[in-house]
Amino acid sequence: MKRRKQFISQIAVTVIFLIFMFPYLWMIISAFKTRMQVFAYPPVWLFKPTLENFRVVLQEHNLLFYLKNSFIVSVGNTLLSLALALPASYSLARGKFKFKESLGYFFLIVQMVPAISIVFVYFYLAKTMNLYDTKIMLIIIYLLWHVPWAVWMTRGFIEGVPPSLEEAALIDGCSRFGVLIRIILPLIAPGLAAAAVFVFIMSWNEFTVAFLLTSMNAKTIPTIVSQYVTHLGVLWGPMFATATIATLPAVIFSFIFRKYMITALTMGAVKG
Amino acid sequence: MRKFGFSIWIAPALVVVSLLALYPLFWAGYKSLFDAKFGFPEAEFVGLGNYIRLINSQAFWTSLKTTILFIVPSILFQAALGLMIALLLNSGIKGKSFFSGFFIVPMVMMDTMVGLTWRLYYSQQGIYNYFLELIFGKPIIWHSASWALTGIVIAEIWRWTPFFILILLAGLQAVPRELYDAADVDGASSFQKFRYVSFPLLKTLLVIGLILRFVDAMKLFGMIFAMFGGGPGNVTETLPIHIYRTTLLSRNLGLGMAQAIILIVLILITGIFFIRLLKRVKGVQE
Chain A
1 MKRRKQFISQ IAVTVIFLIF MFPYLWMIIS AFKTRMQVFA YPPVWLFKPT LENFRVVLQE
61 HNLLFYLKNS FIVSVGNTLL SLALALPASY SLARGKFKFK ESLGYFFLIV QMVPAISIVF
121 VYFYLAKTMN LYDTKIMLII IYLLWHVPWA VWMTRGFIEG VPPSLEEAAL IDGCSRFGVL
181 IRIILPLIAP GLAAAAVFVF IMSWNEFTVA FLLTSMNAKT IPTIVSQYVT HLGVLWGPMF
241 ATATIATLPA VIFSFIFRKY MITALTMGAV KG
Chain B
1 MRKFGFSIWI APALVVVSLL ALYPLFWAGY KSLFDAKFGF PEAEFVGLGN YIRLINSQAF
61 WTSLKTTILF IVPSILFQAA LGLMIALLLN SGIKGKSFFS GFFIVPMVMM DTMVGLTWRL
121 YYSQQGIYNY FLELIFGKPI IWHSASWALT GIVIAEIWRW TPFFILILLA GLQAVPRELY
181 DAADVDGASS FQKFRYVSFP LLKTLLVIGL ILRFVDAMKL FGMIFAMFGG GPGNVTETLP
241 IHIYRTTLLS RNLGLGMAQA IILIVLILIT GIFFIRLLKR VKGVQE
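First to last, the protein sequences are chains A and B.
If you read the first sequence in the working numbering, its first letter stands for residue 1, the second for the next number, and so on.
If you read the second sequence in the working numbering, its first letter stands for residue 1, the second for the next number, and so on.
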């Protein structure tokens, strides 16, 4: 009886899992199809894969240029976010000052501000400061969400380090900054790496701000969607190839750091 | 004093974030008091005129209703399905970590790419209609007024059910074994074990999850924009899409900013609920 129940659960989970993976797998499969095969009805399941779509996006649609933009924006924003967040989260984790908790919650609330509500302000600001369509503008604006997020994420990791370790180093004459660099940093390194990866993914995937603040030179991957919508209809083959390439880094990185996924998604409110 | 001199380390982050957040808030609030047009400098002061216009605007209330019709079914299904799948995963099946490892895929996919790929999946002769015809013998016109919103809800459920699976699975694994053993001794059925042992411990996780998803869904723009663009007509025009259309397409900057402020206020109220809950959870833990 118990074994039969187990067996049914196993089947049910496998089926549900396949349903959930299907849209993603179908995207990858479609990327290797010819134009005719993408539109075939009933759909083609077995076919000779072609790399034509990938050739088209790399050679004709200049995908590498947008990948480079996305990469620069994401790395730049990740480094800046962590450089600002780490001292702040140390201060929140170890400091004793008035309004400490309120400041923590301020970060939490700010992180919830919707991009669409404030992006038009930045549109005007970027125009007047000649920063429209620049990567640096994106790097800076993303700090608004990613610094608070990283503060909440890393604060939990720092609080997990026993204070006795730091006290010993402080008695030995180590400065606070030295403590942060030499004691805290190595101990929270895996968590910090996870935080960096998730900030990178958030920057990589961000659409609203990038869409309204870039036009040519600083366009990132999520915003090139409109390129594939032409007067001849949507170029589905190249679109699937782009989607496959564009989603790959996030999928691989988050899979490697899946242990931290829950902490990342709930900003530390739920421990994984 | 020297001992806590490092408390000031919070300052750089605080200054940067405050400037980046408060400047646009004040600017949007200020502009919402003017009859401003996008792309034109001169504007007439109208006081709360834009807000009064919104209260009387059919389109605004419709978009608010669409937002609720989008969010509520999305997050309730996510939570229910997530709970069901988490329970299945926790029932001693093989390959649990393999499954939960790959369930993250929908969550980390670029939302615009989800929108665009699903747009083709939802087309008349798309892959979803193929399955529907196979199983029910009848396709659905997804990009029609009666189905487009459902289509977006399904995509959102697909994206974020894994979120509930993961947090609830973590919660289930944290339930002490002894509690189940004790329930076994008392002769509890598996439903009773769920109802009286697991569920009380999962309740907080469910509420945290629902609030976080609620806030995120309120802000969702890219996926809807890429999938149906708010259409057909205004069927999938949630508040963010409505703000976009009012500000950029109709060039009503003042009115758009009034909507933007209302969206922020709605999210802030939800955020305050979240903080209250977090404080209570922390209080219990300590």
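The set of hints was computed from the structure by calculation and includes no laboratory data.
Computed from a predicted structure; not experimentally measured.
Some hints could be false.
[As the list claims (entries may be wrong)] Pairs of lysine-lysine residues, derived as DSSO-like cross-links and limited to a Cα-Cα distance of at most 30 Å, are as follows:
id	chain 1	residue 1	chain 2	residue 2
1	A	K98	B	K279
2	B	K219	A	K68
3	B	K65	A	K5
4	B	K65	B	K37
5	B	K94	B	K193
6	A	K127	B	K65
7	A	K68	A	K127
8	B	K96	A	K5
9	B	K65	B	K219
10	B	K193	A	K259
11	A	K259	A	K98
12	A	K100	B	K203
13	B	K65	A	K2
14	B	K203	B	K138
15	B	K203	B	K65
16	A	K100	B	K37
17	B	K282	B	K219
18	B	K193	B	K219
19	B	K94	B	K203
20	B	K219	B	K37
21	B	K96	A	K259
22	A	K259	A	K68
23	B	K203	A	K259
24	B	K94	A	K259
25	A	K259	B	K279
26	B	K282	A	K2
27	B	K138	B	K219
Do the hints match the structure? See the list:
1. A:K98 - B:K279: It holds: about 17 Å lies between the C-alpha atoms, which stays within 30 Å.
2. B:K219 - A:K68: 27 Å, holds
3. B:K65 - A:K5: The given pair, whose Cα atoms are some 43 Å apart, is violated under the 30 Å limit.
4. B:K65 - B:K37: 26 Å, holds
5. B:K94 - B:K193: Distance ~22 Å between K94 of chain B and K193 of chain B Cα, so the pair holds.
6. A:K127 - B:K65: 35 Å, violated
7. A:K68 - A:K127: This hinted pair holds, its Cα atoms lying about 23 Å apart.
8. B:K96 - A:K5: Given that 30 Å is the threshold and the Cα spacing comes to 16 Å, the pair holds.
9. B:K65 - B:K219: 15 Å, holds
10. B:K193 - A:K259: 28 Å, holds
11. A:K259 - A:K98: 34 Å, violated
12. A:K100 - B:K203: Since the Cα atoms of K100 of chain A and K203 of chain B sit roughly 28 Å apart, the hinted pair holds (cutoff 30 Å).
13. B:K65 - A:K2: At roughly 47 Å apart (the allowed maximum being 30 Å), K2 of chain A and K65 of chain B break the hint.
14. B:K203 - B:K138: Roughly 39 Å separates the two Cα atoms, so the pair is violated.
15. B:K203 - B:K65: Holds, because 28 Å separates the two Cα atoms, which is no more than 30 Å.
16. A:K100 - B:K37: 42 Å, violated
17. B:K282 - B:K219: The given pair, whose Cα atoms are some 27 Å apart, holds under the 30 Å limit.
18. B:K193 - B:K219: 38 Å, violated
19. B:K94 - B:K203: 26 Å, holds
20. B:K219 - B:K37: Distance ~24 Å between K219 of chain B and K37 of chain B Cα, so the pair holds.
21. B:K96 - A:K259: 13 Å, holds
22. A:K259 - A:K68: 28 Å, holds
23. B:K203 - A:K259: It holds: about 22 Å lies between the C-alpha atoms, which stays within 30 Å.
24. B:K94 - A:K259: Distance ~19 Å between K94 of chain B and K259 of chain A Cα, so the pair holds.
25. A:K259 - B:K279: Judged against 30 Å, a Cα distance of about 25 Å means the pair holds.
26. B:K282 - A:K2: Given pair K282 of chain B, K2 of chain A is violated - Cα atoms ~39 Å apart, limit 30 Å.
27. B:K138 - B:K219: 34 Å, violated
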